[in-house]
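Colleague: Chains as they are written, first to last, in the working numbering: chain Z, 1 to 193; chain U, 194 to 976.
Hints in this document: simulated from the structure, not taken from any laboratory.
If you're wondering where the values come from, they're calculated on a predicted model, not measured in any experiment.
We treat Cβ as the ideally placed atom computed from N, Cα and C, and that holds for glycine.
Certain hints may be false.
[What the hints assert, rightly or not] Listed next, with one range per pair, are the computed distances between beta-carbon atoms:
1) F369/U x E61/Z: 32 to 40 Å
2) L452/U x G93/Z: 53 to 61 Å
3) P329/U x I51/Z: 28 to 36 Å
4) A764/U x Q138/Z: 41 to 49 Å
5) S674/U x G93/Z: 49 to 57 Å
6) A764/U x G93/Z: 43 to 51 Å
7) D271/U x E176/Z: 31 to 39 Å
8) E336/U x M142/Z: 49 to 57 Å
9) E336/U x G185/Z: 18 to 26 Å
[What the hints assert, rightly or not] Straight-line C-alpha distance at most 27 Å; calculated BS3-like pairs for lysine-lysine:
10) K693/U x K105/Z
11) K736/U x K53/Z
12) K693/U x K800/U
[To be verified] A few chain Z residues that don't get close to chain U, going by computed Cβ distances all over 10 Å:
13) P74
14) R149
15) E182
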Amino acid sequence: MDSLGRLRIALRFMVPLILMLETNIVRADAFDLARLMQLLAATPTAEVSFIEKKYSSLLSEPVVSSGKLRYQRPDIVEKNIELPRKEQYRFVGDELLLVRIGAEKRIRLSSQPLLLAFAASLRGVLGGDLALLRAHYQLSLMGDQPSWRLDLIPVDEGIGRYVERIVVSGHEGRIEQIEVREISGDRSVLQVQ
Amino acid sequence: MTESGYLSRLASGAVARYVAALLCFAALATLGARTIRIENDFTAFLPPSTTPEERLLIAQLRDGLVSRLMLVALEGADENTLARTSRKLAESLGRNAEFEYAANGSLDQFAAQGEVLMRHRYALSPAMSVEKFTVPGLRAALEEQLAQMASPFGALSRSIMTRDPTGEFLAVVRQFDSGAAPGLRHGVWFSGDGKRAFLIAQTRAPGFDSERQEQAMAAVRKALALENPQVNAILTGPGVFAAESRRLIRTDAERLSMLSALVILAMLVFVYRSALAVVLVAIPVAFGLLIGVLVVNTVFGSVHAITLGFAATLIGEAVDYPSYLLLNGAAGEVARNSARRLRVTLALAVLSTVVSALALTLSSFKGLAQLGVLTMVGVLVAGLATQYLIPWLLGDRVLSFRRLNIPTADFLERARWPGIVAAFTVAAAAAWLLHLHPVWWQRDLAGISPVPPALRVQDADLRREMGAPDVSIFLASRGGSQEAALRAAENMLPVLQRWKQEKLIRSFDSPARYLPPLDVQLERLHMLPAQPELERNLAQALKGLLFRPDVFQPFVDEVGAARATPPITLASYMGSPLGARLSALVVELDGQWLVLTPLGGVLDAGKLRQELLAIAESNSHVVDLKQTSATMVDGFRHAALTQAAWAAALILILLVAGLRSPKRALQVALPAGAALILTVALLVILGEQLSVFHLVALLLVLGIGLNYALFFERVSEDVDERPRIRLSLAVCSTSTIITFGFLALSSTPVLHAIGATVSIGAVLALIMSALWARRNEIAPAVT
Chain Z
1 MDSLGRLRIA
11 LRFMVPLILM
21 LETNIVRADA
31 FDLARLMQLL
41 AATPTAEVSF
51 IEKKYSSLLS
61 EPVVSSGKLR
71 YQRPDIVEKN
81 IELPRKEQYR
91 FVGDELLLVR
101 IGAEKRIRLS
111 SQPLLLAFAA
121 SLRGVLGGDL
131 ALLRAHYQLS
141 LMGDQPSWRL
151 DLIPVDEGIG
161 RYVERIVVSG
171 HEGRIEQIEV
181 REISGDRSVL
191 QVQ
Chain U
194 MTESGYLSRL
204 ASGAVARYVA
214 ALLCFAALAT
224 LGARTIRIEN
234 DFTAFLPPST
244 TPEERLLIAQ
254 LRDGLVSRLM
264 LVALEGADEN
274 TLARTSRKLA
284 ESLGRNAEFE
294 YAANGSLDQF
304 AAQGEVLMRH
314 RYALSPAMSV
324 EKFTVPGLRA
334 ALEEQLAQMA
344 SPFGALSRSI
354 MTRDPTGEFL
364 AVVRQFDSGA
374 APGLRHGVWF
384 SGDGKRAFLI
394 AQTRAPGFDS
404 ERQEQAMAAV
414 RKALALENPQ
424 VNAILTGPGV
434 FAAESRRLIR
444 TDAERLSMLS
454 ALVILAMLVF
464 VYRSALAVVL
474 VAIPVAFGLL
484 IGVLVVNTVF
494 GSVHAITLGF
504 AATLIGEAVD
514 YPSYLLLNGA
524 AGEVARNSAR
534 RLRVTLALAV
544 LSTVVSALAL
554 TLSSFKGLAQ
564 LGVLTMVGVL
574 VAGLATQYLI
584 PWLLGDRVLS
594 FRRLNIPTAD
604 FLERARWPGI
614 VAAFTVAAAA
624 AWLLHLHPVW
634 WQRDLAGISP
644 VPPALRVQDA
654 DLRREMGAPD
664 VSIFLASRGG
674 SQEAALRAAE
684 NMLPVLQRWK
694 QEKLIRSFDS
704 PARYLPPLDV
714 QLERLHMLPA
724 QPELERNLAQ
734 ALKGLLFRPD
744 VFQPFVDEVG
754 AARATPPITL
764 ASYMGSPLGA
774 RLSALVVELD
784 GQWLVLTPLG
794 GVLDAGKLRQ
804 ELLAIAESNS
814 HVVDLKQTSA
824 TMVDGFRHAA
834 LTQAAWAAAL
844 ILILLVAGLR
854 SPKRALQVAL
864 PAGAALILTV
874 ALLVILGEQL
884 SVFHLVALLL
894 VLGIGLNYAL
904 FFERVSEDVD
914 ERPRIRLSLA
924 VCSTSTIITF
934 GFLALSSTPV
944 LHAIGATVSI
954 GAVLALIMSA
964 LWARRNEIAP
974 AVT
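Produce the entire structure from the sequences given, and follow the hints as far as they go.
Modeller: Right, dumping it as structure tokens:
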């Protein structure tokens with residue numbers, strides 16, 4: 001009786017407090033992971049331009065690259081870098097096709113846990129595949145439909161050794177930014193134009 | 194005789210005699226328990242080696258790298274679970290005292306041993322050049338690193354970028370990829386279908402040490418049970434074979450000899466209906482075995498476990514002697530008298546077996562020589578015990594037991610045609626065997642290994658799934674010193690590369706890449722600039738790039754350190770998986786050094802040999818362990834056959850001398866010889882390939898066959914003796930057929946071979962003796 005009463009009091013204080021901190025939060029049942037995945041899955045096959053900045057303690061300024069990101073259901077993701085030099089990363093099935101300086105290289109994703117988890121984050125987010133994301137990450141969603149933020153925290157150590165979290169943010173079914181925060185403190189921020 | 198009168202007589206002497214015999218046996222048994230050392234090295238049953246290739250083969254089989262690798266396949270769970278279990282298991286086995294390391298293909302594992310390679314990267318990298326450390330060279334490397342940083346691989350390359358911007362470490366690692374590893378899933382080795390995760394563990398114990406291999410297997414199972422009891426593990430590899438076959442031989446030998454002992458006991462009880470008689474029958478065998486083992490231990494310093502397993506074969510023959518004696522006695526006759534009457538026959542029976550075992554004793558197979566000594570001594574002791582000990586123990590006492598009457602087949606005794614039919618059958622069998630020769634010889638060393646075929650099939654399947662290189666073919670590079678041998682191996686690198694391109698081989702894994710010859714290492718280290726020059730070049734190369742100016746200080750420091758680091762040697766690798774692997778591939782043999790390069794996917798070893806001939810002054814040659822083993826087995830067989838021929842000649846001389854008549858000797862020898870031919874023919878018809886172990890068993894058949902013929906041959910004089918002879922032969926042959934019939938059920942090739950051969954041979958020898966050896970009949974001429 002006593003402890004339950006205390007809990008109620010605590011909740012009565014806590015809830016408004018949380019609501020005050022997250023000013024733009026809406027009712028929990030209106031916008032959740034399932035809804036976000038629905039929105040993302042509804043987005044048609046698309047090609048978007050991006051600018052990516054790599055921040056590192058090794059660099060005096062970030063490395064900036066730009067190009068096009070293309071997604072085609074169910075599992076093709078292409079990152080075509082145009083500047084500073086042409087490079088192509090194409091994830092198809094269990095393979096990463098890499099074209100750099102005119103040379104082609106194929107890598108099996110399942111052979112490299114880091115790549116596998118990285119590909120899963122792109123495919124999961126672009127395709128709205130909740131199961132795929134949950135196989136590699138612990139998910140936490142913040143914000144509301146017009147402005148949301150999804151944190152992917154690695155669960156397997158293959159990627160967890162290098163990546164602290166991946167933060168994806170967007171508006172409705174549109175992804176606006178993907179940020180990869182590395183354990184080393186380096187981070188890369190990919191902004192969709 | 195009343196019970197009380199009997200007891201008083203016993204008190205006077207009989208008891209004292211039995212007690213004396215028992216004490217004597219107990220004393221011998223205690224001595225045995227103290228001194229006998231049992232060894233398990235299965236190579237004692239491999240042929241002796243004469244050529245360097247053969248010694249290499251034996252060395253590799255005994256404790257080479259190949260013999261120490263244990264393959265572990267995990268199955269029975271989903272991919273994620275298997276991968277996780279594989280990592281945990283590799284980690285826990287790596288710390289286990291039974292293993293040098295456990296590899297599962299994961300990068301972290303590589304990183305663990307990569308530190309040695311990292312430290313010596315400038316001495317090891319084949320991509321070294323002076324240009325790499327000039328301003329343009331460094332500039333290109335740095336630009337490449339910048340691009341890498343922005344790529345999905347950025348997180349990976351970051352960790353070593355500041356130490357190794359020119360990428361020498363990667364160049365070192367890339368050349369080690371032998372191209373024969375299994376595919377990766379979740380970063381660890383998996384089968385193509387993802388149903389099995391693979392690990393390769395190198396045991397500390399050599400492959401032949403079956404006891405410690407068994408401990409290693411138990412360690413794997415225990416670690417797995419702690420990690421995840423649901424996951425099932427299949428273990429295979431030479432060490433596993435050694436352990437498993439030891440276990441199988443032991444359980445088979447125990448189970449089967451227990452069974453046959455029980456059945457024989459039941460038969461003896463049925464025949465004699467006298468406890469004393471059964472005990473008396475057991476005495477010569479017990480003494481023979483014990484003294485035989487003691488002598489083997491004294492001569493060889495130890496007794497091989499398999500030799501002990503063969504002891505069953507000795508029992509099979511020695512148990513017959515007392516039965517011949519007891520069953521041959523007429524009603525009311527004291528054993529002393531029947532012993533005197535049987536003396537020559539028994540002596541010939543014993544001596545012919547001793548002579549046939551002599552052939553084994555001369556064998557250079559250590560295991561077979563032990564077996565020969567055990568048989569010789571055992572049979573001799575059992576014979577003496579039968580001749581002297583049993584009559585002494587019995588004294589004046591007449592052993593009374595029911596004498597079964599074995600009916601005679603009268604028409605067989607009179608008719609001559611069965612003997613003639615048999616003669617034609619033997620001639621036909623001999624001609625057929627000559628015609629087919631030599632396809633019925635077992636030529637593969639694997640065929641005479643004690644490993645059950647099911648295990649070998651499983652091993653082959655797993656290896657295929659893993660894409661594990663076929664470890665039976667090596668390129669062996671020779672030299673007077675380790676350095677010279679490594680130099681010879683290094684000279685072969687371009688050739689190996691070409692072979693790989695031409696698809697003559699699928700992969701190779703040369704130790705020379707891990708241990709370049711000294712001058713090659715020094716040449717590479719000389720390409721490194723001095724510190725001031727490197728700093729100047731680096732500063733200039735960094736101009737206009739986004740890197741912070743001081744981040745490559747570790748690179749500058751490590752280049753400086755590398756210039757002062759002594760060259761990499763075998764010792765540098767010690768304590769790492771690579772060290773364990775290399776020390777098995779760089780070996781000293783007969784005062785020479787050998788560097789072994791395992792070749793994978795060789796289609797035609799002969800072609801490679803021809804190619805090598807064309808290369809002048811190459812100190813390397815191709816060693817095909819399978820082929821070497823076939824030549825070895827052939828060579829051994831020739832030696833064994835020669836010895837057997839000598840033994841046969843000796844036996845014939847013995848018979849002529851003992852029976853004082855060449856005609857009688859022939860009458861005894863022919864049925865035994867015919868039985869041998871028919872046995873071989875029957876085995877071949879049954880689809881068996883004859884191995885060394887069949888030869889051993891055939892020698893035994895010869896001994897048993899001579900015994901039967903001797904007893905058949907000596908009948909006639911006394912009409913009363915005939916039924917007694919029939920009974921003793923019936924009892925003896927039944928016990929032999931039971932003992933070896935059970936052995937034939939064994940799943941172990943060795944035991945099966947001996948069991949099948951002797952039980953078939955005993956039946957045939959009995960038939961042939963019955964047909965040909967009776968004195969009153971004229972032995973049919975053999976065409």
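Colleague: Hint by hint, work out which the structure violates, then give me just those numbers in ascending order.
Modeller: Hints 8, 15 are the ones this structure does not satisfy, whereas the remaining hints hold.
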